[in-house]
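Following the hints, put chain B in place on chain A, whose structure we already have.
Protein chains: 2
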Amino acid sequence: MSPEDAYQWLKQDSLETAHFTSLGRLLGWDQRTQIPPKGHPHRHAQFAMLAGWIHQRQTNPRLGEMLTTVEGSELVRDPLRAEAVNVREWRRDYDRATKIPQGLAVALAQAAAEGETAWEQTRPLSDWQTFRPFLSRIVALKRQEAEALGYEQEPYDALLDDYEPGETAAALAPLLGELRDALIGLLEAVQGSSRLPDRAILHRHFPKGDQERFARMAAAKIGYDLQAGRLDPTAHPFSTGIGPGDVRITTRYDEDCFSMAFFSVLHETGHALYDQGLPAEHWGAPRGQAVSLGIHESQSRMWENLVGRSLGFWKFFYPEAQKIFPALADVSLEAFHLAVNDVRPDLIRTEADEITYNLHILLRFELERALVKGELQVAELPDARDDKMRTFLGLTPPNHAQGLMQDVHWSAGHLGYFPTYTLGNLYAAQFFARAERDLGDLEAAFARGDFGALLGWLREKIHRQGNRYRPRELVKAVTGEDPNPDYLIRYLTNKFGKLYDLRLPGL
Amino acid sequence: MSPEDAYQWLKQDSLETAHFTSLGRLLGWDQRTQIPPKGHPHRHAQFAMLAGWIHQRQTNPRLGEMLTTVEGSELVRDPLRAEAVNVREWRRDYDRATKIPQGLAVALAQAAAEGETAWEQTRPLSDWQTFRPFLSRIVALKRQEAEALGYEQEPYDALLDDYEPGETAAALAPLLGELRDALIGLLEAVQGSSRLPDRAILHRHFPKGDQERFARMAAAKIGYDLQAGRLDPTAHPFSTGIGPGDVRITTRYDEDCFSMAFFSVLHETGHALYDQGLPAEHWGAPRGQAVSLGIHESQSRMWENLVGRSLGFWKFFYPEAQKIFPALADVSLEAFHLAVNDVRPDLIRTEADEITYNLHILLRFELERALVKGELQVAELPDARDDKMRTFLGLTPPNHAQGLMQDVHWSAGHLGYFPTYTLGNLYAAQFFARAERDLGDLEAAFARGDFGALLGWLREKIHRQGNRYRPRELVKAVTGEDPNPDYLIRYLTNKFGKLYDLRLPGL
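The listed protein sequences correspond, in order, to chains A and B.
Residue numbers for the first sequence follow the numbering used here, so the first one is 1 and each next one is one higher.
Residue numbers for the second sequence follow the numbering used here, so the first one is 1001 and each next one is one higher.
Note that these hints are calculated values from the structure, not bench results.
One should not assume that every hint holds.
[Stated by the list, open to error] Under the rule of at most 30 Å between Cα atoms (straight-line distance), these lysine-lysine pairs were calculated in the DSS-like manner:
id, chain 1, residue 1, chain 2, residue 2
1, A, K208, B, K1038
2, B, K1495, A, K38
3, B, K1208, A, K208
4, A, K388, A, K373
5, B, K1495, A, K208
6, B, K1495, B, K1221
7, B, K1461, A, K221
8, A, K11, A, K461
[As the list claims (entries may be wrong)] Some, not all, of what chain B presents toward chain A, calculated at C-beta under 8 Å:
id, residue
9, S1022
10, L1026
11, K1038
12, P1244
[As the list claims (entries may be wrong)] Sample of chain A residues at the chain B side, in silico, Cβ under 8 Å:
id, residue
13, L26
14, K38
15, G39
16, Q46
17, M49
18, G229
19, P233
Keep in mind that this is a model prediction, so the values were computed, not measured.
In this text, a Cβ means the ideal position worked out from N, Cα and C, and glycines have one as well.
Same shape as in the complex, but just chain A:
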């Protein structure tokens, strides 16, 4: 068979596998937003079946033969052309998949589906005892997976690589270390400030219907195409790209809190904008896919924070918010903006401010790294978590729902995922700084209701590139330098220095 024919075979095969993945995304969306309670066992069986089929496809020896035929051919000479990008990623996926036995792949999928349902049912009751065996099973299976995949330094790297290709715990360490030191210093400075945000104004009564209307309007205004998406309520907000023209987001409402639903909508909208901006003509092949979770997260965190918590953003949206929510009638723009940038160690990661958020990630990273190494057992997690919460944030969770059980990730099998959030913050700040160099003052644009300039820039530089570059390469291609925590540190220092009237070196 010629390299060209092998390539066409691989492309069709990839398209069919992508359709299976797309089916899985619809199953997942339905499971989290629509499914009747008694439908879960059947859904778990479906996930297991689907995972088995996908794994069978991914490990098809014929796929290996076709790859060998096309690799080294003229077709893949230019590494930035679609053909080379696709072959590079197909090889990576094939090598990863063939290392995992079929039985383990099925067991992982089933444990993840069951774990997520168990989490949904036990979290409201803070029922750690019932939840624990599900989590233990997942950790045991993920450790098996790491061993099967192999690693150079530590088993955690094998899992991390699934979410952030090429990244390792050791390579992360200096970035995270520099960031942690700077954040702890900044947090101390803010805590010493005499400016006290009035957080209570965000905890007045905000009817769910109004929250939904306002969030939908804002998501649409910044560029989310609701004709190609949906917004639904769920227990744990997420975004899912089912296919071109169908990228859905979800959120969670609390009528006594303005910020939870709104900022999670902005966050998920950021993810959805990326998926809606991927090159649809490449759908079904790696060239049409997102780069990594870290890059994905750079988009969600940018829209949530660098855009959504900026004064410019609220100069534009706050008059509208005051129209919709009578509870805000007596609150000034400045007081509101300070309140949505309240810096205060909090138990819940998703409600954390931009400074302490990364400390939440760091503690999860350390815990999951220890779990995967086998240095920590699931039974010891609550104590270990409490220790770290005290060390990093000075807090002790009063129950498991606000402690260990607040995140869905581990229950759904996502170990090695958390660091991508902090990578996302870091990348977001670096991209944003570059965008401002290219486009001029973005906050001024936001204040005019112009979000199209930034979105257009992201579309061109990142979204439409699909999976052309590896994460660190993309950062370099877009910004001209390697990933660098200084941008995030500078952004946070500058922003919170002004907001809290801090005297900091370099301001």
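Using the frame of chain A, we list chain B on its own:
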């Protein structure tokens, strides 16, 4: 390979195919209730992909070999045991599937998905010109399908057999003929009656939320397990069994009409009760499936009409309805009951009374039979339809939305489906008569709020039998005689004779 091993292979294969079908049902439910507008093209591609996979599985030569191995073995000696039932149906499916070329199967699935979307978009505008090419394509493909499948008497039989195994147009003719003559006589008698239902009382204002609440309550009361189901709004009501524990229904609301949403909920609940009553331990194999559309329809029509339009039913539910709907405060039970049994030729099939409903079916049957024969072209349909509407019902549709385009069936590729509705009515009356012989006066039970006796009887006699019997065999096994239109004629004559104070022979 031993027959036992071959049987196990077939069972696993059947289970996997059932999972594909289940995925297709979720895709369909989502397409009709949730999907964003721009998600349709991707969904059509998914349906085509899925249909291709299913067809590949169904025509796998290995399946044919396994069937040959197990057929004639000791395992399938007793025709009513699960093994024999499964092998019988696997053989039938394999023979049907291997006759249809893969390309045709994919084209049909895609045309059906596109046709349904086109129908949803063009129907509100009554836009026949835009819709027509979609329908033409479907009819052309269905005719190809009939030729590929083969038939003894006429191509229509090949399609009908898909919905009602073993049924033919020629065998239907005497049943439908006897029914038509009786119905036309009964309709004339009712139209001569001096009792005039006040239909206007059903067209007062009934808020959507209240309609939904009342319908949900009634569906639950008659036995629909909402923990294993959902009720959602849609353009064309349907029920879909995604799997054990997940059987969903939908309806369509009109705030100026009480009956449309409510009776379609009862109808779909009847379908859902059947699916919820199928033996879950056999899920994935024919023994766990429903018999046919005609038998399925006997359940939906029984709960919609024989139960839901009976005086006993409303003796129980009407006080509740009056509490929920202030619009009914001044309406007596008797006036309400007469109104929901208003007999009057109407343009819309799904809103037709129990007498004219079957005339709607007969005219559709004649049209689709002629389309499949090639005696009628799609371009000629509007005129042919108008002619028949005048002949059968004395009406002329003012537009296509209320004429040809009112039903989704043809646009979704379901030609040969309509007669199963009248078969369902016929079977329902025959089953119901037998249930009353076994259980005593059912209307008296309904008036006490007892629906469990009838449901229990249906569960045992029909639902839990799964696909053990062919349709006509099941009717004989349950009632002791062959399908017989006299039960439906007697039921309708008796009911409407009393309601309209008719002097009819035999009353």
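When the nearest CB of chain B is found for A:K38, is that gap smaller than 8 Å?
The hint holds - A:K38 has a Cβ within 8 Å of chain B, the shortest such distance being about 4 Å.
Go through the hint on A:L26 and say holds or violated, using the shortest Cβ distance to chain B against 8 Å.
It holds, given that the least Cβ distance between A:L26 and chain B is near 6 Å, below 8 Å.
Does A:P233 pass the interface check with chain B, least Cβ-Cβ distance below 8 Å?
violated (13 Å)
Regarding the hint that A:G229 lies at the interface with chain B, is the smallest CB-CB distance below 8 Å?
Hint on A:G229: holds, closest Cβ of chain B at ~5 Å, below 8 Å.
Against chain B, run the beta carbon of A:M49 and see if the smallest gap drops under 8 Å.
Given a least distance of 5 Å, the restraint on A:M49 holds.
Holds or violated: B:S1022 as interface residue toward chain A, Cβ cutoff 8 Å?
holds (7 Å)
Measuring from the C-beta of B:P1244 to each C-beta in chain A, is the shortest one below 8 Å?
For B:P1244, the interface hint holds, since the closest Cβ of chain A sits about 5 Å away, which is under 8 Å.
Check whether the Cα positions of B:K1461 and A:K221 lie no farther apart than 30 Å.
violated (58 Å)
Take a quick look at whether B:K1208 and A:K208 sit within 30 Å of each other, Cα to Cα.
holds (20 Å)
Minimum Cβ distance from B:K1038 to chain A below 8 Å?
With a closest approach of 4 Å, the B:K1038 hint holds.
Restraint check for A:K208 with B:K1038, where alpha carbons must lie at most 30 Å apart
At roughly 27 Å apart (the allowed maximum being 30 Å), B:K1038 and A:K208 satisfy the hint.
Given hint B:L1026 near chain A, where the shortest CB pair must fall under 8 Å:
holds (6 Å)
Figure legend: structure checked against the earlier numbered hints; hints not met, in rising order: 2, 5, 7, 19.
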